[in-house]
Amino acid sequence: MGREEDAKLVESCLKGDEKAYRTLVEKYQRRIYTIAFGILRNQEDAMDVTQDAFVKVHRNLARFQGTSSFYTWLYRIVVNLCIDRKRRAKKAINVDYDDSISHQEQPHQTGPTLASVSIAGPAKELARKELREKMQLALDKLSPDHRQILVLREVEGLPYEEIAEILEIAKGTVMSRLFHARTKFKQAISRYLNH
Amino acid sequence: MECSEVKQHLPAYFDGELSADLAETVKSALSNCPDCQQELEELSVLSELARDGFTSPVEDVDFSGFSDKVMARIKEEATESAVEGIKVERQQEDKESLLDTITNFFGELLRFERPMAAFAAAALVVLMVVGLQNSDVEGDIAGPQTSPVASTPQSTSPQNVANKTESLPQKTTTIPQSAPKAIAKKKNRRQRALEESAGSRDMAAIESSRAPAGVRIDLDQDKGRPAIVWHVDVDTEDAPN
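First to last, the protein sequences are chains A and B. For my numbering, add 241 to where a residue sits in the first sequence, where the first one is 1. For my numbering, add 307 to where a residue sits in the second sequence, where the first one is 1.
Straight-line distance between alpha carbons at most 27 angstroms, and here's what the computed DSSO-like set of lysine-lysine pairs gives:
hint, chain 1, residue 1, chain 2, residue 2
1, B, Lys334, A, Lys412
2, B, Lys376, A, Lys256
3, A, Lys297, B, Lys376
4, A, Lys297, B, Lys394
5, A, Lys375, A, Lys327
6, A, Lys256, B, Lys382
7, B, Lys376, A, Lys260
8, A, Lys297, B, Lys382
9, B, Lys382, A, Lys268
10, B, Lys314, A, Lys412
11, A, Lys256, B, Lys394
12, A, Lys249, B, Lys376
13, A, Lys268, B, Lys376
14, B, Lys382, A, Lys249
15, B, Lys382, A, Lys260
16, A, Lys327, B, Lys376
In case anyone wonders, no lab produced these hints; they're calculated from the structure.
Start from the sequences and build out the full structure, keeping to the hints where you can.
Right, dumping it as structure tokens:
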């Protein structure tokens with residue numbers, strides 16, 4: 242189902258067709274949740290924000306002009322909701338763990354390098370499961386800003402220009418933030434892989 | 308292109324954000340640099356890990372009933388906004404009705420204003436007329452000093468007055484004997500001036516206009532001529548001496 246079909250569904254929604262909006266929700270719920278969870282790292286919060294995003298989109302459906310795709314509009318809203326939630330829930334505990342990592346020396350590459358962690362062999366499934374667990378720990382260590390930009394780039398595959406637009410930052414900032422996010426993620430994952 | 312320069316461009320190259328020319332330059336530089344190639348591979352693995360890290364926890368999430376919850380919230384919101392709308396409407400109506408009430412009140416007042424004013428004016432005029440008549444009569448009653456200039460030529464004697472009263476009983480008024488003397492005092496300066504101006508030539512008339520207290524006086528005794536003396540200055544002049 243592409244952009245045109247989404248536009249038709251939106252049109253139907255505007256005419257009062259509830260089923261059409263339900264179809265859109267069911268189509269994008271998991272992807273939107275992935276973004277929310279990727280940024281927030283909390284299932285309950287991510288679910289709330291995902292729900293909020295769909296409700297908010299429906300509320301403003303009449304303003305949808307179709308210049309961008311429905312999904313683009315949707316993830317812009319979910320990212321903004323995540324940012325708002327993070328801003329509101331800013332606590333002392335919300336330390337930028339990346340800073341603590343960045344002040345450390347580069348971890349010694351005594352273990353496998355990232356390039357060598359491509360899973361292969363008989364212990365593939367077990368190793369993958371373990372790797373995933375370590376990955377979650379590494380992602381948890383990232384700042385919301387870094388997770389946000391990583392999810393937009395690595396999961397959504399958005400171009401810099403669009404990321405800049407969504408996050409309301411300059412394209413140059415996107416490049417530098419993405420570079421730092423990747424570096425920190427690499428450091429974090431390497432540290433966990435070495436243990 | 309130097310290795311350090313290639314590494315600087317690698318993320319953008321990996322993300323497909325470089326211009327075609329620059330991308331081509333980096334690509335050719337990569338083929339000659341194993342270190343740069345490894346870094347590019349790391350970027351690729353990192354990207355895969357990140358993607359997997361973000362998506363894997365979501366794979367097991369149960370979304371059954373999620374759309375129901377969203378639709379329920381949308382309906383709830385619609386109901387709330389409808390209720391809000393009704394509330395606002397009612398508030399507006401209340402405001403309007405209050406405004407209407409106020410407007411109506413003033414409207415009524417305004418509608419009443421003229422008749423009321425007219426009524427008040429009429430009443431005032433009537434009171435003045437009656438009061439003046441009374442004062443006139445009272446003046447007569449009070450005595451020659453306070454009596455106005457002779458009212459009419461016909462009223463030259465009490466007898467005439469009595470006769471007129473008998474002849475036109477239906478248009479008479481009775482001056483009570485107990486009429487307050489205060490009324491007589493209300494006689495204005497003009498009356499006095501008229502009295503004075505009337506001079507001696509009207510003295511007979513003045514004398515004749517005296518009526519004993521309680522006597523019925525015909526106010527229409529001289530039809531076509533006001534009964535109030537100071538309105539009929541000319542009459543007094545016309546009146547035979």
